[in-house]
Amino acid sequence: MKCGDTDIYMDNRINKKNHLTDKGEVSGMRPGSEISQAEVKAAQKPEVKTAVKAERKSGTAIVSQNGAKLEYIERPKPKNVTPLASQKLTPKDIPVFEDTPERKIKLELRKKSHFKRKLRDWGIFTGYLTPSFVGVLVFFFLPLLLLLKTSFSKSPTNSDFVGFRNYERVLTNEAFISASKNTLTFAVISVPLAVVLALLIALLLNTGLPGKSLFRSFLLNPMMVPVASVVLIWQVFFSYNGVVNGITEKLFDSAQKIDWLKSSYAQIVIMLLFLWKNLGYNMVLFLAALNSIPHEILESAEMDGAGPVKRFFKIKLHYLSPTIFFVGIMSLINSFKIFREVYLLTGDYPFKNLYMLQHFMNNSFTHLDYSKLSAGAIVMCVVMIIIVGGLFFAESKFDKDVEE
Amino acid sequence: MDETKRLERRKQATLARRNVYVETVQPETFITSLSEEARENFFASEKKRIELNLRKRKITKTIITGLGIMAAVFISALALVPIFFTFLNSFMSSEEIVANYQTVFQSMSGHASQGATYMSRTPVLKLIPEEVTINQYTTLLFMNPEYLFKYWNSIVLTLPIVGGQMVVACLASYSFARYRRKRREVLFFSYIILMLMPFQVTLVPNYMIAEKLGILDTIWAIILPGIFSTFAIFLLTKYMRQIPSGYIEAATLDGATEWQIFTNIALPLCKNAIFALTILLFIDYWNMVEQPLVLLTNSDKQPLSVFLSQINEPELGIAFAASSVYMIPPLLIFFWGEDYLVEGISRSGIK
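From first to last, the protein sequence lines are chains A and B. With numbering that gives the first Met the number 0 applied, the first sequence covers 0 to 403. With numbering that gives the first Met the number 0 applied, the second sequence covers 0 to 350.
Check the hints yourself; a few may be wrong.
What the hints assert, rightly or not - Computed list of lysine-lysine pairs in DSSO-like fashion (alpha-carbon distance at most 27 angstroms, straight line):
#	chain 1	residue 1	chain 2	residue 2
1	B	Lys211	A	Lys117
2	A	Lys315	B	Lys60
3	B	Lys60	A	Lys211
4	A	Lys117	A	Lys105
5	A	Lys336	A	Lys351
6	A	Lys117	A	Lys103
7	A	Lys211	A	Lys313
8	A	Lys211	A	Lys309
9	A	Lys261	A	Lys351
10	B	Lys47	B	Lys57
11	A	Lys211	B	Lys211
12	B	Lys60	A	Lys313
13	A	Lys110	B	Lys181
14	B	Lys57	A	Lys211
15	B	Lys270	B	Lys237
16	B	Lys181	A	Lys396
17	A	Lys261	A	Lys249
18	A	Lys309	B	Lys55
19	B	Lys237	B	Lys181
20	A	Lys336	A	Lys180
21	A	Lys211	B	Lys47
22	A	Lys336	A	Lys261
23	A	Lys315	B	Lys57
24	A	Lys153	B	Lys211
Said to hold, decoys possible - Partial selection, computed: residues in chain A whose CB lies under 8 angstroms from chain B:
#	residue
25	Gly134
26	Phe160
27	Ile200
28	Arg339
29	Tyr342
30	Leu343
31	Gln357
32	Met383
For the record, the hints were derived by calculation from the structure and aren't laboratory data. Treat the numbers as computed from the prediction; the structure is a model and nothing was measured. Every residue gets a Cβ at the ideal spot worked out from N, C-alpha and C, and that includes glycine.
One chain only, chain A, in its complex shape (with noise of 0.2 angstroms):
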């Protein structure tokens, strides 16, 4: 306590050790004056809450000598008066917590309802996440693990532990070496070409076109329509003696006639029906994006001379970037999936540079030699992991990036 060493106890006494009349340090001022006056009368008055009231005042008042010196006066507040203060509290009012058996069964029974309350929690929540976890387990995780102990193993039903022979064979096999290459030139080729012609359409159709709902919608349809239908009309445009070749053959007359799906064009067949497939859910993506760019900062940048190109590769790009990388793992996945494709197009045993990695898994099935098939499987699991998670990687650089 500073100044004024009023002790006041929870039975409303005023213990006066240090009176405010002896001292004249209360408002800093000397004994005598008119304000130390009224502050010593409302002091000596025997009640507490009078007492209190009149510091309160005194503590905000202003003192004011000579009219130019303005201080605000530091007071202990009040600190334990509470309406419950007037009681006396005796030992036998204050809980003491003994070890009696009725409080231990209390105690137990608490923890219980306690225990079932979060039982039944993580009941709850893992009841919901049950049936997938189950599933997956007993379809997937499961089956990955069997897969990589047959691929170390001699056979699937011989389990001799051979090392990485199995690996050894697969890597060496021309089939798989040549497939992989393949699904890799076109994704390599397809995918960024997915996602910038996908871009292209999206930023067409946001310039604010009349009917742009509709020509969504428009170029959304393949996406709906299954290949096996298309096949068809494809082979019709592609095949040797198609419409493709006829319609050359009529615009230039020296041009030869191309086998497109048996020759090294074929895999541009392949990419024109990937693109065809795709384009339409990658631009519906890339359309959301273009919309969820705050308008403000377009606005404000057109009005200080940027031009669209500028915009676009300054602002634009900016907030697309989270979507182009989505998107491009989307079209990569799809990419994968091209043995549909191709497969309905030209069958088990297309022309060499359409082997793909599906048809190597099918075609080993065939000849049911498992051990090669999981050393396979797992060396593709291990690079889609290592691709993913590169690019997971990349984005979380490429995001800091942007940020600062």
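Please arrange chain B on chain A, whose structure you already have, making use of the hints.
Positioned in the frame of chain A, the structure of chain B alone reads:
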């Protein structure tokens, strides 16, 4: 100086109070310096210039939008041509189709180097059939039970997978969205990786487990892994995490049980996503080729999508009809739920 200004202002104020206004002399500008005729001429020329500019801008704008529309029409035409083709060709008589496309399929069917290559005839694209018949459809639906069986196979495979996966996914994604602990997040991440795995990886384990469980070569070998596929869980969890926690808090304060929160709050708020996902899943599984090829060795049980690629020359007429019948259900679903689908897709891309 100040004084004089003050006095002047005062004078003006008193005059204004009496509603007497004195015109102040305006400073001379370019326009006031002109004579009246010259001014009018100047205004007219300015008006003309502005109009011309506006018209120019309008013309360039219309040209640009016209070009844009043309590009969009071109692209959407490219997208739609194959679909229209299949539909329109399915109304041709079988003789017409064979006459049109025989050369194509002769060159397709393997012995191109010997027989068909010397034929210089190229097929003509025909959008409108010479005579419209529904013969193809009648032969398809009534004369040829094989197609119908395959069609039925497709339905039997697709519907349980879609329904089952949606139910499982709703439950699991509610759990993932509501309860975020470390272990659960790890599990969720492993689900994402499973979703990203291509068929090449997942089909081998599927085959092995089907063999172990003894369900190989039955439809369950496809349906069960399909039901527990994690694609829907991933997207639905993304959706459910966007539900404001205040809703759930309010419900718990009102004494709702978890099941009530799930059915009365989480599911209705995710209605759009559920519809969109159902459509996407239906398309995906209606389209499937890989799983039946590997897991169903018995060709009687394979769906139409696999069978359509194995069509021979004499059945060419029916093939178009079968193709169009096969793509009618997804297209109908698309027309019914396009808005849901678009919203579902676009919300899935935004993080």
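Structure-based check of all given hints:
1. Lys211(B) <-> Lys117(A): Answer violated: Lys211(B) to Lys117(A) is near 38 angstroms, above 27 angstroms.
2. Lys315(A) <-> Lys60(B): 22 angstroms, holds
3. Lys60(B) <-> Lys211(A): Holds: Lys60(B) and Lys211(A) sit about 17 angstroms apart, inside 27 angstroms.
4. Lys117(A) <-> Lys105(A): 18 angstroms, holds
5. Lys336(A) <-> Lys351(A): Cα-Cα ~18 angstroms, so holds.
6. Lys117(A) <-> Lys103(A): 21 angstroms, holds
7. Lys211(A) <-> Lys313(A): The hint holds at about 25 angstroms.
8. Lys211(A) <-> Lys309(A): Holds, because 24 angstroms separates the two Cα atoms, which is no more than 27 angstroms.
9. Lys261(A) <-> Lys351(A): 8 angstroms, holds
10. Lys47(B) <-> Lys57(B): 15 angstroms, holds
11. Lys211(A) <-> Lys211(B): With Cα atoms ~52 angstroms apart, Lys211(A) and Lys211(B) exceed 27 angstroms; violated.
12. Lys60(B) <-> Lys313(A): Roughly 24 angstroms between the alpha carbons, so the hint for Lys60(B) and Lys313(A) holds.
13. Lys110(A) <-> Lys181(B): It holds: about 26 angstroms lies between the C-alpha atoms, which stays within 27 angstroms.
14. Lys57(B) <-> Lys211(A): Roughly 20 angstroms between the alpha carbons, so the hint for Lys57(B) and Lys211(A) holds.
15. Lys270(B) <-> Lys237(B): Holds, at about 14 angstroms.
16. Lys181(B) <-> Lys396(A): 23 angstroms, holds
17. Lys261(A) <-> Lys249(A): OK: Lys261(A) and Lys249(A) at ~22 angstroms, within 27 angstroms.
18. Lys309(A) <-> Lys55(B): 24 angstroms, holds
19. Lys237(B) <-> Lys181(B): 17 angstroms, holds
20. Lys336(A) <-> Lys180(A): OK: Lys336(A) and Lys180(A) at ~15 angstroms, within 27 angstroms.
21. Lys211(A) <-> Lys47(B): 35 angstroms, violated
22. Lys336(A) <-> Lys261(A): Holds, because 21 angstroms separates the two Cα atoms, which is no more than 27 angstroms.
23. Lys315(A) <-> Lys57(B): 26 angstroms, holds
24. Lys153(A) <-> Lys211(B): OK: Lys153(A) and Lys211(B) at ~18 angstroms, within 27 angstroms.
25. Gly134: 3 angstroms, holds
26. Phe160: 18 angstroms, violated
27. Ile200: Status holds, d = 6 angstroms.
28. Arg339: Result: holds, 5 angstroms to nearest chain B Cβ.
29. Tyr342: 6 angstroms, holds
30. Leu343: At about 4 angstroms, which falls below the 8 angstroms cut-off, the nearest Cβ of chain B leaves the hint on Leu343(A) intact, so it holds.
31. Gln357: 5 angstroms, holds
32. Met383: 6 angstroms, holds
Hint check: violations occur at hints 1, 11, 21, 26; the rest are consistent with the structure.
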